[in-house]
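Engineer: Sequence:
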Amino acid sequence: MGEQVTGIRVVARVMVFNAGGELLLCRSRDGSAWVLPGGTLDPGEDLRTAAVREAAEEAGVAAEVGPLAYVQEFRSARRSEHVVEIVFRAAAPTGHPSGAALAGRVAEPAGPADRPWQGWRIQDPDGPVRECRWFTRAEVAALSEPVYPEELRDALWEDGGAVHLGLIHLG
1 MGEQVTGIRV VARVMVFNAG GELLLCRSRD GSAWVLPGGT LDPGEDLRTA
51 AVREAAEEAG VAAEVGPLAY VQEFRSARRS EHVVEIVFRA AAPTGHPSGA
101 ALAGRVAEPA GPADRPWQGW RIQDPDGPVR ECRWFTRAEV AALSEPVYPE
151 ELRDALWEDG GAVHLGLIHL G
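Residues 1 to 171 (UniProt numbering) are what the sequence shown spells out, left to right.
Calculated directly from the structure, the hints in this document are not laboratory data.
Each hint can be trusted.
DEER-style ranges, computed between Cβ atoms:
hint	residue 1	residue 2	range
1	Arg137	Glu64	16 to 22 angstroms
2	Asp46	Ala110	31 to 37 angstroms
3	Pro67	Ala19	17 to 23 angstroms
4	Asp114	Val71	35 to 41 angstroms
No residue lacks a Cβ here, since even glycine has one placed at the ideal position from N, Cα and C.
Sequences are here, hints too, so could you generate the full structure?
Structural biologist: This is the structure we're talking about:
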């Protein structure tokens, strides 16, 4: 526990579910894992506003933010920071990227022929192409790729109240 933490960063994330009960996941920036949409709060921004903004920025989806789902903490010796992630449950009224949430960006369907908007890619001139997709609980559990946090594979699907997942020490 000898690491020197010089900063704290607060992150808002959302567990967005569509009308069919599927969970929205996006590929991480480096493409190595599936993660929930989310990011750092802007100065003066509250958690719920940040969660809505991040769902729009990262997935092009309008999210109706609901109750707190979980809190996760990370300490990174390499970056000398303590990150606190606050994650809310949310609903997506349309189930696909649309309107103001896209903010002028273009979304292309990438799902199967019978459900083209099960997955999509967002062309963002200011950032990487983002890939997002709706997953059933069984699909998340069966993914061979990493999913963060791992508890998304099972336990966090239940709406049993907020959970503190603990502190993870990163190298």
